[in-house]
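Undergrad: Given next are the chains, with one letter for each unit.
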Amino acid sequence: MNPRRWHRRIGLAAALFLAWLALTGIAIHHAASLGLDAMSLRSPWLLKHYGLYEHPAAGFESAGHRLIASEAGAVLDGRTLEPPLIGVRGFAVAAGMLFVATGDGIELLTIAGERIETLRPPVLPVSSVSRIGIAGDEVVVEGQDGRIFASVDGDNWAAVPDDAATRAQWSQPQTLPRYEGEAATISASQVLLDAHSGRLFGRLGPYFVDIVGGLAILLALTGVWVWWRSPRR
Amino acid sequence: MRRRAFNALLMALFAAPLRSFADEVILSPEDFVSETFGADTPSSNLRWLDDQAQVALTAVFGHRYPQARLRYWRHDGRTAWILDEIGKEYPITAGFVVRNQLIEQARVLIYRESRGDQIRFPVFLKQFAGAQLENERLSRKIDGISGATLSVRAMERMARAALTLDRIT
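As you go down the protein sequences, you meet chains A and B in turn.
Counting from 1, position 137 in the first sequence corresponds to residue 137 in my numbering; the numbering is continuous, with no gaps.
Counting from 1, position 76 in the second sequence corresponds to residue 1076 in my numbering; the numbering is continuous, with no gaps.
The set of hints was computed from the structure by calculation and includes no laboratory data.
Heads up, some of the hints might be wrong.
For the chain A half of the interface with chain B, some residues (derived, Cβ under 7 Å), not all of them [unchecked claim]:
1) 117
2) 120
3) 121
It should be emphasised that the depicted structure is a prediction, and the values quoted were computed from it without experimental measurement.
Virtual Cβ for every residue (Gly too), placed ideally from N, Cα, C.
I would like the entire structure built from these sequences, with the hints used as guidance.
TA: Dropping the structure here:
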């Protein structure tokens, strides 16, 4: 077995990908000084890849406001919400505020999209919101166990009868018409992290990065092996 | 022979398990509050993060706290705070109990990163007990954890924030 030949083969196979990892890693390391953490991208390919459409395909609408959600975050009335909201399940408008149900609880936002508070137990009477809606001037939420609660302001919640489900207008994902001037963006830092980890390239991307990592280890080992067998040593 | 060995190696690398990024609820916020106050659990209070509060929190976190108000619980000289701060990529939700401007208890409630969750264990968290603010820093040195540096620093920032909020509320 010729270690030099293996070292060369592995090096050739991994060179391009190792360079990619090194460059993206350096960029991540210096994201703040390079201004990448404050940069937003609007490439149509990227927006489509992350599910943020220039002309949105699906989202939620309530009281004239529209919320587009994707794996990378949410866009409210054309503005990307920061910090990102992940796992949006619907939203309702009441008491001049937006109640956005996520896997984490309910995000309370101003109409302009500024975060007021994250509602969780014990304030929120359900640990996981399966759906959210509006009944009159009250926000109603249904937990995973089917119990329904309502509140006017998000501060005080009261259980409501099961038949309240039939009276509530539940937030449902829908196809939204074109919204003029609406523009989605994705943060450069997020794209860089996903490029470095392989997630940018689909479900198998992280596996591929794992393979490149393995090749780097083999490169180190064969390098030591070559040195060990070197006659000059 | 060599080609078979190389192929086998590639197959082995392909079999590497995919990491999971699911939220891990270690202690629900509700349980944290009820464990802290027991039968005397008070109603929550609201602390609006006005300019004074945001300036103080920006000094701690390096950024404004991304909320307009915070909910806290107060009873018998103790306050309980539930805060969020990003470790590496995702927020860590932690609870802090403060009495007499000292950290009485620190708990990790929800952990969302793929690694570094060693901060959840009592051997790490007990370092915060008795810590107070000295020149806006923690009076106790918190030992780092290899592979969890960013999570450790996030917990330190949240501890300082809880003490700061207790002082100005």
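Undergrad: Run through the hints listed earlier and report the numbers of any the structure violates, in increasing order.
TA: none
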